[in-house]
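Going down the list, the protein sequences come from chains A, B, C and D. Note that this note's numbering has the first sequence beginning at -7, numbered continuously upward. Note that this note's numbering has the second sequence beginning at -7, numbered continuously upward. Note that this note's numbering has the third sequence beginning at -7, numbered continuously upward. Note that this note's numbering has the fourth sequence beginning at -7, numbered continuously upward.
The set of hints was computed from the structure by calculation and includes no laboratory data. Hints should not be assumed to be uniformly reliable.
[Stated by the list, open to error] Some chain D residues near chain C, calculated using beta-carbon distances under 10 Å: (1) 63; (2) 215; (3) 305.
[To be verified] Using C-beta positions, here's what the derived DEER-type ranges look like: (4) B:247 / A:78: 50 to 56 Å; (5) C:161 / D:313: 23 to 29 Å; (6) B:62 / D:302: 26 to 32 Å; (7) B:23 / A:320: 48 to 54 Å; (8) D:313 / C:196: 53 to 59 Å; (9) B:40 / D:311: 52 to 58 Å; (10) C:195 / D:161: 38 to 44 Å; (11) A:140 / B:62: 52 to 58 Å; (12) D:161 / C:188: 36 to 42 Å.
[What the hints assert, rightly or not] Sample of chain C residues with no beta-carbon within 10 Å of chain A, all distances over it, derived: (13) -7; (14) 157; (15) 181; (16) 192.
Quick caveat, the model's predicted, so the values are computed rather than measured. Don't be surprised by glycine CBs; every beta carbon is placed ideally from N, CA and C.
Chain by chain, the residues:
Number of protein chains: 4
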Amino acid sequence: MMTYGTRFRVTLFGSSHGPEVGAVIEGVPAGRPVDAAILQSALDRRRPVGRRLASRRQEEDRLILDEGVEDGVATGAPIRLHVANTDVRRSDYDGIRSTPRPGHADYPARLRYGEAADLSGGGIFSGRMTVGLVAAGAIASTWLREIGVEVVGYVRSIADVTATVDEGIPIGDLRSARDRNEVGCPDDGVATQMAERIADARRAGDSVGGIVVVRAAGIPVGIGEPFFDSVESAIAHLAFSVPAVKGVEFGAGFASARMRGSEHNDAFYLDGGTVRTRTNHAGGILGGLTDGMDVVARFAVKPTSSIARPQETVDLARRAGTTIVVPGRHDPCIVPRAVPVLEAVVAIAIADLALRSGALR
Amino acid sequence: MMTYGTRFRVTLFGSSHGPEVGAVIEGVPAGRPVDAAILQSALDRRRPVGRRLASRRQEEDRLILDEGVEDGVATGAPIRLHVANTDVRRSDYDGIRSTPRPGHADYPARLRYGEAADLSGGGIFSGRMTVGLVAAGAIASTWLREIGVEVVGYVRSIADVTATVDEGIPIGDLRSARDRNEVGCPDDGVATQMAERIADARRAGDSVGGIVVVRAAGIPVGIGEPFFDSVESAIAHLAFSVPAVKGVEFGAGFASARMRGSEHNDAFYLDGGTVRTRTNHAGGILGGLTDGMDVVARFAVKPTSSIARPQETVDLARRAGTTIVVPGRHDPCIVPRAVPVLEAVVAIAIADLALRSGALR
Amino acid sequence: MMTYGTRFRVTLFGSSHGPEVGAVIEGVPAGRPVDAAILQSALDRRRPVGRRLASRRQEEDRLILDEGVEDGVATGAPIRLHVANTDVRRSDYDGIRSTPRPGHADYPARLRYGEAADLSGGGIFSGRMTVGLVAAGAIASTWLREIGVEVVGYVRSIADVTATVDEGIPIGDLRSARDRNEVGCPDDGVATQMAERIADARRAGDSVGGIVVVRAAGIPVGIGEPFFDSVESAIAHLAFSVPAVKGVEFGAGFASARMRGSEHNDAFYLDGGTVRTRTNHAGGILGGLTDGMDVVARFAVKPTSSIARPQETVDLARRAGTTIVVPGRHDPCIVPRAVPVLEAVVAIAIADLALRSGALR
Amino acid sequence: MMTYGTRFRVTLFGSSHGPEVGAVIEGVPAGRPVDAAILQSALDRRRPVGRRLASRRQEEDRLILDEGVEDGVATGAPIRLHVANTDVRRSDYDGIRSTPRPGHADYPARLRYGEAADLSGGGIFSGRMTVGLVAAGAIASTWLREIGVEVVGYVRSIADVTATVDEGIPIGDLRSARDRNEVGCPDDGVATQMAERIADARRAGDSVGGIVVVRAAGIPVGIGEPFFDSVESAIAHLAFSVPAVKGVEFGAGFASARMRGSEHNDAFYLDGGTVRTRTNHAGGILGGLTDGMDVVARFAVKPTSSIARPQETVDLARRAGTTIVVPGRHDPCIVPRAVPVLEAVVAIAIADLALRSGALR
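Working from the sequences, and respecting the hints, build out all of it.
Here is the structure:
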């Protein structure tokens, strides 16, 4: 449903083609700074690539803080915020009622909700619902920063182009490197190739997917609630709520399957007075609890479902095969836009669990 | 924490070296058959490979139904069941209090819970906690079968050996093929190689990981709760509670990242009167809802953390590096044993969501 | 926090002096009628007595359905609705920051939330938060009516004036009798006395409390979830969220304490083919489950905390005793306005539990 | 269902005539003392009056701590505890399958759960389920005591006999006075009359009800979660889970309905440096938050449903009226036994909310 979290709780509202999208955020203590500019900045990173660099700034995704923040400070009441949907074209979606778009929720939603279903632009299945998630994540990230936790995501691969990123570089450097290009990949050369793959897909009326990595550094040891509320469970639960995410792995992830225990187990050693591990195949999580190493999560993002090319589908009303050309404006690659969303996922999951374990107060 | 689920709710209890492990299961309607033999059979599949074929049957993992079932039928009250821990050797674990085992929860648990932590055999972090999960899953599976849903898991890879399994074969045939060998891989030839890899690891005092696939066939369209309680979220949440799972993907999963939208989108067509998709890259889930195709989930299982070889670690009391030889009995590969656990994960997640959507009653 | 319910779920948002108050309502199936006029009518009943009869209709509490309803029918997506706060006078509340009003949440809120607390008009502690609850209750009531359940509340007492109401009269007649006067008491003569008590209090710059009864007729047998989610637990949980409610009882309630078991136990008999009880001391609930008799709940509503008379309090800044004359517009009796709120409480609690038991679908 | 609580979480298991009853308790931090003798003492107070004084001590209600406590200290893992049901006579209940006992859950349970329902001794509807609640409450009380909170309950009335108890006496004195007699009423003279009423009822084959008061002193200001998780909501939710509770009120409670605002509002004043209120009509709770004054809750306990006298009921199988003489051993008054149960209710509710607000750690 629309609510996630125990202590740091997010309730999303709105829909892709209704008047607005937003969130109610509970659990932020009175007196905590909530900087609208930081939230806006996170939302701006979520906007389509290319539009960000554009000089003619459209008044889009302008964050409104409705309640719970006064003079930049949380009042202790639930924080409500929203972004208006200014560019709604409902008529674009008239055709999809009986001819579901491949890759979209149209077909199961139609069977679940029947004739009354609002499928305009994906309704509540739209990626636009993540606006509230990103804003909530920015609040969580700001808070986590106070206990030394930094959450940084980047694009690791797009289509067949994969960056090799040293997981050992300081997280501030990682963020800087990522921000040097529009794709959000910390390797500029690779980012250029990625941008080409996106341009190729656009020209072909097609789309490409990719992989996003999110690292969280400075994590206290022992966050997580065994058995069912492990750190991995919380992050994966939230991540798989995000449309287009089809895989989640931590540390060595699927590569673990090919490793031997003697290779996979991260050996402990003392680095100065600090216990660290020589490798981080566990992705910073042992037994569902953080072990103090960076939490490293990787997310598979499928290629955008809306493409310009004709696709085979079924006309449900006529019960006959047909071809659809999906209406609306297409984004040939949402992977860079997924970065702030998946940073939000990690920040919200960790903030909620850190509140539960007492690491965050 | 120890409870999962809204309508079909499981609360696990016990610990690896306490008197017992078990579960309280809520949401099973009065009058529904609960067959102790089916539950026992699922538990037997969870026992170590090799032991299953052994002639001298030890009286282990004997399921006791304590409450909520009378004469093979649910009474409507919560079902409580347990398995006694008969083979507990606490002294094996005395050494690990100050020298955490690599790959285990010892280190974060020690920092979280301090001196008082009970780490014997992993305490509540042990894979033994999955006993209750498997029993609950067997109840969920039985119930789902009444609406035509079949849940079958198998071993897809162990170490570098991977089976190529036709996802199109009938699920009953898949189960039969899987049950022909002890490894639980539907390709006998490959299973033999897998068994060799396991034997190799055992001889080397080491361990191997692998990948488990779970398919659920016969799924009604439209199960799942947007936004946060998508089918993927529910399955991944539960799966990442299971010790050793480090990755979860659905359908094409991480391979989606390299695909184009025109390739990834599953085209709809009419198969007789039924809407189907020509491919199943979505793994049976669109927008978080089931689309009627098989739900296909893949899980990365890391190599067993307990190995016989000496490992580098830290003596927390002396604040000095040291070497540990992990005590206890080691299982060189838990992947086959993870199959019934991950079947349970999928069955419980789907049963809970099917109850919420009204598909199951 | 701001969310209640498992299957029929209500999340309230807004605050008394922010831009709006409203609710997100989940669990209403696609295709179900949602009549804005019925919702508006419930909200109108929640407005101050006297204003309702006034000829010059102010455009207040005008319900806006933002999402989830199209052409009077639920789309299956969450329903979001709100009412604008048009008559906000924040300056009225400047004085209360350091001098808490007796009977209000000001003092504990100030200590919990500190300087940052937004106490304007009670913030989230205001009775105005019940706007969303009333709208959600109207949706629940409409739905319950389809399975024959009618929920009707009335004023039983105000100050020392108590009506004697025959619990056996048909619920439709009860509603009609209640609606004949502005106080909402089914006995017109008594209602006149109640109105006098309210007028007396107003003249004295004071306020009066009272008791509200809510009956739910036509209830199916067996709704409720043992142990912790009994029907009484659900209704009381919601009722005690409503500001000003200080007591809740069911059936004979506190009078049970003086009864003998032989008197209190409701004898079963056959009325035609229907099992009924000769009395209803249980208030329609046995063992936390509905028994088919009317659910009868009584709620104690304290006198309005905001009164015009000077009151003793403490200046927290100066750490000295002082006197406060509470600013803002006062309502000498909120008991009649609490009727639709407490009807909503009963309807939401029963709808959520009826969905869980399968009685509502 | 069987689980309550967010941070301090209790899951009850067992049934009245199964092998045992008990609880799994989560949220108790590692290192916290858990004294089995204190828990046992709370359970002993829950046993039938008269039996407590008996010289021939039966081995009943002997608490077993199964998990989560080592050497009197919590390990951080869930605490599991149970009490065996040693004195089960299932055959006593054969007759009630088709002839529901007035005042019991038999009738709605039979309709909800059908033929399969286990009604022996009330099954999960039995007061015996409160064993786990009392043990959990003793753990919560012990913990709360560390931050200066004391929870003490007593019997205020039985049948028509009511004690006048000065709410201002120190809570330690209240406990001592209560413990001087077997009834649990702090006024010995009144307690003697109460014991007579109980004896009268027993002789008459009947039963009597009463009122229990629970006071919590030393409460920090600001505990509670607006809107839906007010302190009153939490306490009432738990209290109405307890069989036989039919009314809950706080502070002036139902008497508030007759008061004027100027009388009901508790004036603030400075007592030394401490803000206090001159009266406590609010029962220590304003706007759902604690205000630092004693939390005072009153609970109506109905007369025991099981009485020896013949009662009118219906034979559901024959669809005909009949008379039942309820089998089993009857307790003519459970009010004294309800005291430790309702103390547990208040302690658990406050502990959970104090953990959420940060007042307890």
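Verification of the supplied hints:
1. 63: violated, 32 Å
2. 215: With a closest approach of 8 Å, the residue 215 of chain D hint holds.
3. 305: holds, 4 Å
4. B:247 / A:78: 50 to 56 Å: violated, 37 Å
5. C:161 / D:313: 23 to 29 Å: holds, 26 Å
6. B:62 / D:302: 26 to 32 Å: Given a distance of about 29 Å, which is inside 26 to 32 Å, the answer is holds.
7. B:23 / A:320: 48 to 54 Å: holds, 49 Å
8. D:313 / C:196: 53 to 59 Å: Since residue 313 of chain D and residue 196 of chain C have Cβ atoms about 56 Å apart, the given range 53 to 59 Å holds.
9. B:40 / D:311: 52 to 58 Å: With Cβ atoms ~57 Å apart, the hint holds.
10. C:195 / D:161: 38 to 44 Å: With Cβ atoms ~39 Å apart, the hint holds.
11. A:140 / B:62: 52 to 58 Å: Because 56 Å falls inside the window, the suggested range holds.
12. D:161 / C:188: 36 to 42 Å: This hint holds: roughly 40 Å between Cβ atoms.
13. -7: Non-interface label fails for residue -7 of chain C: nearest chain A Cβ at 5 Å, not farther than 10 Å.
14. 157: Non-interface label stands for residue 157 of chain C: nearest chain A Cβ at 39 Å, farther than 10 Å.
15. 181: Non-interface label on residue 181 of chain C holds, nearest chain A Cβ at 44 Å vs cutoff 10 Å.
16. 192: Per Cβ check, residue 192 of chain C is outside 10 Å of chain A; nearest 36 Å; holds.
Checked against the numbered hints given earlier, this structure breaks hints 1, 4 and 13; the rest are met.
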